[in-house]
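Chain A is fixed; fit chain B onto it per the hints.
Those protein sequence lines, which keep their order, are chains A and B. Using the working numbering, the letters of the first sequence map in sequence onto residues 1 to 361. Using the working numbering, the letters of the second sequence map in sequence onto residues 1 to 412.
Each hint should be verified, as a subset may be incorrect.
Claimed, not checked - Have a look at the derived ranges for each label pair, beta carbon to beta carbon:
(1) A/Y254 / B/E390: 55 to 65 Å
(2) A/E206 / B/E307: 51 to 61 Å
(3) B/G206 / A/E211: 32 to 42 Å
(4) B/G128 / A/E206: 44 to 54 Å
Said to hold, decoys possible - Per the computed footprint, the stretches of chain A lying under chain B, defined by three or more beta-carbons under 8 Å from a beta-carbon of chain B, are:
(5) 64 to 74
(6) 294 to 306
Note that these hints are calculated values from the structure, not bench results. Each residue gets a CB set at the ideal place from its N, CA and C atoms; glycine is no exception.
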Amino acid sequence: MSADSRFSSSSAAKATTQAQQQRADAIAGLTFVGPAMLALIVFLILPLLVALYFSFTNWSGTRPLDQPDAYEVVGFKNYQRWVIDGRRVDDFYRAVRNTVYYVLGVVPIQTVIALLLAVIVNQRWLRGKSFYRTAFYFPSITSSIVVSFIFLFLFSAGGPINAVLSLLSPAYEPVAWTTNNDGVLHLLLETVGITEDSAGAWVEIEIMDLEIWDWIAGPSVAMSTIMALAIWTTSGTLMVIYLSALQGIPSSVYEAAEVDGASNWAQFRHITLPLLKPTTFFVVTLGLIGTFQVFDQIYVLQNDQTGRTTTSVAYLVYATAFESSSPNLAEASAIAIVLFVIIFVATILQRRFVGGDRAED
Amino acid sequence: MKISRILGLVVVCAMALSLVGVAVGQDMVTLRVWTGSSSPVENEFKEGQIAAFEEANPGIDVELLISPDYGTQIRAGFASGDYAEVFTVGQFDFPQWQYDGLLAPGSMHIEAQDDIYAGLRAAFTADGELYCAPKDFSTLALLYNIDAFEAAGVDQPDANWTWGDMAAAAAATTNDDMVGFSAAADKFRWMALFYANGGEVFDMDGAVAIDSDAGVEALAFYQSFIENGTGDQPGNLNAGWNGEAFGQGSAAMTIEGNWAIGYLNDTFPETNWGVAEIPVAPNGGRGTLTFTECWAVSSRAEGEVAEAAWALVNFLTGEGEHGGHAVAAAGFGVMPARAQFADLWSETVGKEYAAFVTGASYATAPIFPLGFGDFDAAVNEATTLVMALEEDPADALGEAADVAREIQAEME
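For reference, chain A alone in the conformation it holds in the complex (with noise of 0.2 Å):
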């Protein structure tokens, strides 16, 4: 009974002190992630709260919220305006395009442009990685700005673009890449000679307000710059965490492989890429999130004449908050709303796509 009793009391003593040791290691961790979780909260999940309330009002973000009258409630009218079938929903759905087509062109072009970088400055028998290293990762840390109005000057009319390629090709007309609107999908099709007239009258049917002729358009000159540009800063800091990733690989499993006598092809197809896929499925997920958040180079390139095909719909918000002759908070705060769904969605359909087995976990 002793040897018992002596065996249940010290078992319920380190009972006791693994519950203790759990609720110490709780509050330990808690408070780790607390001031993290406390930002989270503050800066991200009570605004886009906030956003979402005011989202169905009509607060022109003017007026002052401490007054009764600041603002009603209004249902979804902000939403139907914009997004339903209300007054601005061609807007709303030219933005919507234009940002799709240089989320389609950015992100698979800087995702192999950042990988092959990756790739080559990893090779052994390279000389001088580190100025290569700098130098492709130096546009990401320029301000976008910055690297903005350089490109304005590179692709304005009169600018180096046009005189190289004018040295080039004597017969070449200059571009003006800045400001031109035509789609780049559009001029294909001319070169095929398929045109609005030519196509057939079922490109004038009208898709939430725009043409589906419109809709085909493609990316225009001016956005296409744009795309240049982003992809060309962006690469760079995605090369980084590609490397990383490669540097992570273990060199036992290229010498095996090397022994089974794969060539450097197969090594890379059947190695390199698999083992890369977490990395892949976090590369494309930024570049989605951020390149359908684009807002700072659409703000510097864009003028008068090319409002209609670069304005993103990030831009979108910010114009319908701060620029228009009636600010109007609630409804940017509508299509900011609709621009995270769009977003959210876009993220888990890619994670079906690109996700695979280690990214679920």
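Chain B alone, transformed into the frame defined by chain A:
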């Protein structure tokens, strides 16, 4: 992001300072004055005005905040209900801010109102009440390149120049290096011609009239330069805006405001240019646009604070030596809002720029009424499409006018 953080810090510091101010000088009246940052010269000018006021009024302590991102800053202040006692209001913000009850009525306080240009008073008047005191303004005029005109053998424009003369001069000055006219796709350029042509956005009875013959003619005339190759948009002329295209010699004429004076003389000192009034419309009418800003007093200022605030506003904009007189004598481009100082401004800046100030007597501030934001956007779109030669002026303005009519129908 960083700028906004620094701004936030500045605001916090300003608030902290204002608290200290209250604590130290119990019987001092403290005024917070907020305005936007423009050129360094102009910022210094504002600081000088405020310093002079403080010297003249020892009992009033002014905390001046010149903000590079003024619009965002003052809106944050409005939203929280804690904002400056005296602040600047742009003409396009006025309808909304007045409607939101942020501005104290000023008819009773603003001195010598008759001397302020009627077009400027109209911009800041709602329901017959003048809310704030215009501080300065700009107008649009026709800039022309004297050398290009001489080379083409065209007489320089005078006060009686017509649209026909302008079209002929544009054709004559167009050559391989230069177009006759730089025409930005901006409604606030062609609308100068619109008002000259007797156009009205809303007619006497309040009906939408932007798509009237007068409106369509004006936009068609503005578009004609692009259509017949005697003009182009600045973006296609390797320039960011009309002033740059004109200054670098890519266009012989353009329509711009007096803000271009300093820019052109600093950036393109070689360019030999002159200014004329906006050409006379076929029906003999004159018109131009004006852009202005005023000093307003917060509707929350009461008692002696309100008194001090209005004293400051009159000091900054009135007939005294530091008001309109100082604006005219400083001569950095913007013109004083009071007619009595027009000559002084011309003398300071140069008689050759007098066309800007002449336009003040018939200028209109192109403000769309509250609730017509969609109409505003529709006119922008119409302008862009017409200037891209994608739409006919009558159709484009007709569509924009339909938006305004729809809004009117909803308001009833």
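(message) If I claimed the Cβ atoms of B/G206 and A/E211 lie 32 to 42 Å apart, would that claim hold in this structure?
(response) holds (34 Å)
(message) Taking 8 Å as the Cβ threshold, is the statement that the region 294 to 306 of chain A is covered by chain B upheld or broken by the three-residue rule?
(response) holds (count 4)
(request) Please test the hint of 51 to 61 Å on the beta carbon pair from A/E206 and B/E307. (result) holds (59 Å)
(request) State, for the Cβ atoms of A/Y254 and B/E390, whether the hinted interval 55 to 65 Å holds or is violated. (result) holds (57 Å)
(message) Tell me whether the statement that chain B covers the region 64 to 74 of chain A is true, taking a Cβ distance below 8 Å and needing three residues at minimum.
(response) holds (count 4)
(request) Could you check the hint for me, namely that B/G128 and A/E206 are 44 to 54 Å apart, CB to CB? (result) holds (45 Å)
Consistency note: the structure conflicts with none of the earlier hints.
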